[in-house]
Amino acid sequence: MSGSNTQLQRYALAVLSHLILVAAWHFFVVYGEIPKIVMPSPYDTLHALLVPNYRWLENIAATSIEIFGGFLLAAVFGILIALLFSWFRWLEMFAMPLLVSLNMIPKVALGPLMIVWFKYGIWPNTLMAFAISFFPIVLTTARGLREVEPDLLDLVRTLRGSRWQLFVKIQLPGALPYIFSGMKVAAILAVAGAIVGEFLGSERGLGYLMLQVQVTLDTAAMFMAVILITLIGGLLYGIVLGLERFFVVKDARIQ
Amino acid sequence: MSEAFIHLDSVKKVYRTRGQDFLAISEATFDVEQGELVSLVGPSGCGKTTLLKILAGLHGFDGGEVRIGSQSQPFNPARDIGMVFQQPLLLKWRRIIDNVMLPTEILGLPQDASRKRAYELLDLVGLKGHEDKYPYELSGGMQQRASIARALVHDPKLVLMDEPFGALDALTREKMNLELLHIWAEAKKTIIFVTHGITEAVFLGTRVVVLTSGPAKMADNFEVGIPMPRTLDVRNTEKFGEYTRRIYRLLGME
Ligand SMILES: Nc1ncnc2c1ncn2[C@@H]1O[C@H](COP(=O)(O)OP(=O)(O)OP(=O)(O)O)[C@@H](O)[C@H]1O
Ligand SMILES: [Mg+2]
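As you go down the protein sequences, you meet chains L and C in turn.
Residues 14 to 268 (my numbering) make up the first sequence, in order.
Residues 716 to 969 (my numbering) make up the second sequence, in order.
So that you can see chain C by itself, here it is in the shape it has in the complex:
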């Protein structure tokens, strides 16, 4: 049996503030295979961002085991992580293309080849023709697409997304969902996608990990048996409804 790409075992995280301990994650255990798009869903404050930051190597943890990569699937934490946040966080003074280039500059990658790749990625996320604009000339959804291109430009193996569509209106959000599936299929990355949206979690995920709060516990972890590529119609199927009901039940919202 080969090892999983990402392996979390009983991960525990305690925040210490002003002498008080706060247990943010009590036990997170799940595996992610390469190429999966895993939705991480749970109520606000349950520790989703914390878990992403642990995976990104930004936070330490207080128990358990976190492993990314294996002998057969090498992983370089400095090079192989792309991040997308709730806000696009583009640099206002840079043109879109130069914003996308930022990670390659920091990593010191060859600039000519990177620029070519940045143009291709902007095409992939539907921003062809907007490369030389400044962020303020783009809508919120377009800015978020640019930030997805930025997360992919250094060709990372793992992309961590923290509620990337949370600040968008419902219509744009649906559109971005479809596009993310397209990008995921094209770019062939492992994506961990944090969301509040139960429908969104099921629609996007090849697998869904459900966290419950107080403190965060792994409540469920199931594969979504709906084949890709998906269209918005799948949300009306009986199977889809079963999955969402399953999550609602776990979050005590039934």
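Chain L on its own, in the form it takes in the complex:
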């Protein structure tokens, strides 16, 4: 009983702090008599949604596809590659240093190249989101798979357990918390990757829209775009968090 009460209190407090921020924003703009071009009020910001020219839905869809698509690619390939690394040590020794080197490339610098290769569109931005969020997943997953207590290994060995049993019963479930901690980092990076891609060259998406309205000084629309991007990122992060709650026992979660 008291447990669900404190739970409720926590949610209430979280909502409250957000409301206070919006209220502070409102009063700051209205009583500070800040020009709309510099900073629109929350009301003006919301109002920007009514401009049909901005094709919000289409742009939201484009950006969402890039973020979720890039993240999903990163998760699938990141985990897969880390698994291959743990199964084939020589592969890890061969490819891991290469990945580390490749990760040193500032992904943003690849933007113009991607446009040359893939033209404008959703693809280069999805790839950007993928490129930027892929490495943390590989790294954390590989680390999680490596982190098996030596004594636990001995326990399985005395029972003549197979490598597959070790993997399924101990290695993989033990790596899950690491995989999720990598995915949480990746979720945030994927958003940044997609938006940077849209800034560099695109004809759709919220980042693209921001550049368009920058020219006409519609600051309210820019604010709205930022809020929407944040919401998409928050949704992705929330999904990852939800999956983590479902799959990983409380004590094993990595904060």
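Hints may be right or wrong, so weigh each one.
What the hints assert, rightly or not - Stretch by stretch, here's where chain L covers chain C in the computed footprint (C-beta under 8 Å, at least three residues):
(1) 766 to 774
(2) 800 to 808
(3) 811 to 821
(4) 847 to 854
It is worth saying that the hints were derived from the structure and are not from the lab.
Note that the structure is a prediction, hence the values are computed from the model and not measured.
Heads up, the beta-carbon is just placed ideally off N, CA and C, and yes, glycines get one too.
Please arrange chain C with the ligands on chain L, whose structure you already have, making use of the hints.
Frame of chain L; chain C with the ligands shown alone:
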């Protein structure tokens, strides 16, 4: 004369690291009969863990003879060894009952019967009612009891314990000592129990094997003539004091 259940003769172990040889055990010779609870005591680094790992078949050795089981006392190394470590090493994502079940899953034993046995063992180690909890919901001592149940679940003939109570506080440790004697009497296993604690070694052991270090040598091997079941009071008896003094003397701590 029948053969001993476990027979070690002049066992020698050399670790080779970076071209250097390190003699970890120079000569270990002792026998263990079925149903005994043998304490293996000695200073840190003297090779106790190494010896256990040799018995568990995890390490090879470089001389001498190791034999477990005999014609009349069959022993299957894959099935008949249970292990308890200093840390409980329970899987965080499994409930206690499922942690105890782990060895039976690896060995492919019938799961229904094993589950029943796992519940019985959790009862025996005093964890009735905690079966569905996760390890983090249990204290260190309770976790270690669960790991003892895990070591017994596949009904092994030999249980190897490497300082299982070393990480516990003194009070819990005494309690666990009493419970181990109870478990040993109930489960009727051969147990080899590694410890730093001289009092613990004498209190638990039907026999005590003393190793001295640099490199590990068998220094003593004697039967503890204090009848089971024992209570904590036996530690105040003259006989008990004689045994502990004997070990202290061997370890040069008198
Ligand atoms: N894998 C290894 N490679 C090289 N040397 C080792 C290895 N394992 C143990 N040793 C050495 O062998 C000696 C005995 O080690 P062991 O772990 O068996 O001691 P121990 O009696 O269990 O000590 P403790 O009571 O501290 O656990 C030590 O000096 C240790 O440094
Ligand atoms: Mg040791």
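**OP:** Closer than 8 Å, Cβ to Cβ, for at least three residues: run that test on the segment 766 to 774 of chain C against chain L and report holds or violated.
**Re:** Since three or more residues must qualify, the claim that chain L covers the segment 766 to 774 of chain C holds, with 4 doing so at under 8 Å.
Subject >> Given coverage of the segment 811 to 821 of chain C by chain L, tested with a Cβ cutoff of 8 Å and a minimum of 3 residues >> reply: Check passed, 4 qualifying residues.
Original post:
Are there at least three residues in the segment 800 to 808 of chain C whose beta carbon sits under 8 Å from a beta carbon of chain L?
Top reply: holds (count 6)
**OP:** Mind taking a look at whether chain L covers the segment 847 to 854 of chain C? Criterion is 3 or more residues with CB to CB distance under 8 Å.
**Re:** holds (count 3)
In summary, this structure violates none of the numbered hints.
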